[in-house]
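**Q** One-letter residues, chain by chain:
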Amino acid sequence: MKKLINAVDDFVRESLEGMQAAHGDLIDVNYDPFVVYRVDAPVQGKVGVISGGGSGHEPMHGGFVGKGMLDAACPGEVFTSPTPDQMEWATKKVDGGAGVLHIVKNYSGDIMNFEMAADLGRDAGVEVQSVVVDDDVAVKDSLYTQGRRGVGGTVLLEKIVGAKAEEGADLQSVADLARDVNANVRSMGLALTSCTVPAAGSPTFDLPDDEVEIGIGIHGEPGRERIKMESADQLTDRLARPVIEDLGLTSGDRVLLFVNSMGGTPLAELYVVYRRVLQLLDEGGVQVTRHLVGPLITSLEMQGASVTILRLDDEKTRLWDAPVLTPALRWGV
Amino acid sequence: MFSVAQAEAWVRSTAVVIEEHAAALTKLDSAIGDGDHGTNMNRGFKAATQRLDGLEGDQDFGGMFKAVGMALIGKVGGASGPLYGSLFLGMGKELGEVTEVDDRQLAAALRAGYDSVVARGKAQLEDKTMLDAWHPALEALDASLAEGKELGPALDDAAAAAAAGMKATIPMIARKGRASYLGERSRDHQDPGATSTHLILETLADVVNGR
Chain X
1 MKKLINAVDD
11 FVRESLEGMQ
21 AAHGDLIDVN
31 YDPFVVYRVD
41 APVQGKVGVI
51 SGGGSGHEPM
61 HGGFVGKGML
71 DAACPGEVFT
81 SPTPDQMEWA
91 TKKVDGGAGV
101 LHIVKNYSGD
111 IMNFEMAADL
121 GRDAGVEVQS
131 VVVDDDVAVK
141 DSLYTQGRRG
151 VGGTVLLEKI
161 VGAKAEEGAD
171 LQSVADLARD
181 VNANVRSMGL
191 ALTSCTVPAA
201 GSPTFDLPDD
211 EVEIGIGIHG
221 EPGRERIKME
231 SADQLTDRLA
241 RPVIEDLGLT
251 SGDRVLLFVN
261 SMGGTPLAEL
271 YVVYRRVLQL
281 LDEGGVQVTR
291 HLVGPLITSL
301 EMQGASVTIL
311 RLDDEKTRLW
321 DAPVLTPALR
331 WGV
Chain L
1 MFSVAQAEAW
11 VRSTAVVIEE
21 HAAALTKLDS
31 AIGDGDHGTN
41 MNRGFKAATQ
51 RLDGLEGDQD
61 FGGMFKAVGM
71 ALIGKVGGAS
81 GPLYGSLFLG
91 MGKELGEVTE
101 VDDRQLAAAL
111 RAGYDSVVAR
121 GKAQLEDKTM
131 LDAWHPALEA
141 LDASLAEGKE
151 LGPALDDAAA
161 AAAAGMKATI
171 PMIARKGRAS
181 YLGERSRDHQ
191 DPGATSTHLI
201 LETLADVVNG
211 R
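Keeping their order, the protein sequence lines are chains X and L. Quick note, in our numbering, the first sequence goes up one by one and the last residue is 333. Quick note, in our numbering, the second sequence goes up one by one and the last residue is 211.
To be clear, the hints were calculated from the coordinates, so they are not data collected in a lab.
The calculated DSSO-like cross-link candidates involving lysine-lysine, where the alpha carbons are at most 30 Å apart (straight line), are:
| hint | chain 1 | residue 1 | chain 2 | residue 2 |
| --- | --- | --- | --- | --- |
| 1 | L | K27 | X | K3 |
| 2 | L | K46 | X | K92 |
| 3 | X | K228 | L | K27 |
| 4 | L | K66 | L | K46 |
| 5 | X | K140 | L | K122 |
| 6 | X | K93 | L | K66 |
| 7 | X | K92 | L | K66 |
| 8 | L | K46 | X | K2 |
| 9 | L | K66 | L | K122 |
| 10 | X | K140 | L | K27 |
| 11 | X | K92 | L | K122 |
| 12 | L | K46 | X | K3 |
| 13 | L | K93 | L | K122 |
| 14 | X | K92 | L | K93 |
From chain L, some residues computed to sit far from chain X (all C-beta separations above 12 Å):
| hint | residue |
| --- | --- |
| 15 | E20 |
| 16 | H21 |
| 17 | T49 |
| 18 | L55 |
| 19 | Q59 |
| 20 | D102 |
| 21 | R104 |
| 22 | A112 |
| 23 | E147 |
| 24 | D157 |
| 25 | G210 |
Note that the Cβ used here is the ideal one computed from N, Cα and C, for glycine as well.
For reference, chain X alone in the conformation it holds in the complex (with noise of 0.2 Å):
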């Protein structure tokens, strides 16, 4: 394992602060527990808006914290939930007197720490609200598994949901428009090589050089299936495809098109991949009205890349335009 880490017990505590010393204008970070607040909060009168997950997909979660979208973030270990102690100090930091809304991705580990987390915010007396993010369609949905993994969306959600809180909308309103979001967002992406988690210090699965996994989960959780290496476009089909059909998009759709790097695909393949899912989607008279692409919810330093794309209406493009001022995203200020 080759990795600048000084200490494997030390790396998440160690880019927070190196994080903090970059952002200090944006942000501020509280080491125990972790999290990772608006350096303003708590905005008076706002919903308070507040993510978190496992660390290693950065920028997420704690780069998407600033004015018009996060409140605060709380990183856990690596590809390991946060604690209920995280997102119950969050909350309470964060509510302006509006409530909290808690943007949660499906998994089983985030799910109950973040129940956990609600419960004891409740208990504090701040009225907290949670949303599940499930937009990977590289898993089957059905009453026994898990349920679809929450990837790609949750960063299309929390930009727009945290605009929605920032123009001041009330709690419901705010967690109805994630829970829309969340239902007209699909994602898919695909494994080149594996990632090394720190603590365990060899790669997480083992891909051969000439195979890719399709419908790679962002933990390095295997897809559906695994294929000889093709070319750019067909295995961007391979991720556009499942998405454009679950999706159920038709002629005349507007869509937001986000291309995404799991961390160690360069931003020139990106494009690669983006142009080929635009072809897709003139096909089919389906109209890409906002883009975004770039390293934004990583997997440390895997290879691959990621499609996501949200139907839009006028309330969401209007929202996705707002102003927003965080380390990883900013426009409009």
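Starting from the structure of chain X, add chain L where the hints point.
**A** Showing chain L alone in chain X's frame:
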């Protein structure tokens, strides 16, 4: 009979056993999960022993198990933190302000802890989770105590049943947790949570039997 001192020894010994098996647990988790079970459990049980070191004065079961449960919830992370945390919180709630219980009360407390795990995780038997080790172990414990066995041998029976339950997860298809994303591909792997459950119960048997 089972005392608070034995319960504390159980937690401390578990921390040692988990550390010894941390790499093996992580390896099982890498196959069908996200490769952190050993690391997380090791961090959590270390925190639990530190919490025990910091407790002042004589403890009852309720206070001792609550301290352990809260340490696990705060330090393990993932799903295992809330689940094992709930186990100890449930046991502490059941036993309350006493410092010694009879064999059946201990069995009832383990059952109460198990019920808390079920309530938190909402898994069913044969979902390929820790429940598949807990459930047969508790059934075996109850049966052996009903036959009139002493606590030590009865806990040995429970640990053996947990081991069998753990091995029985190998052919199962996971329907809960991250392994469930694998579907058919989760077959032929032993569940890491059932494995750590077996270690915890085996350690309890060892402590009570003075091994």
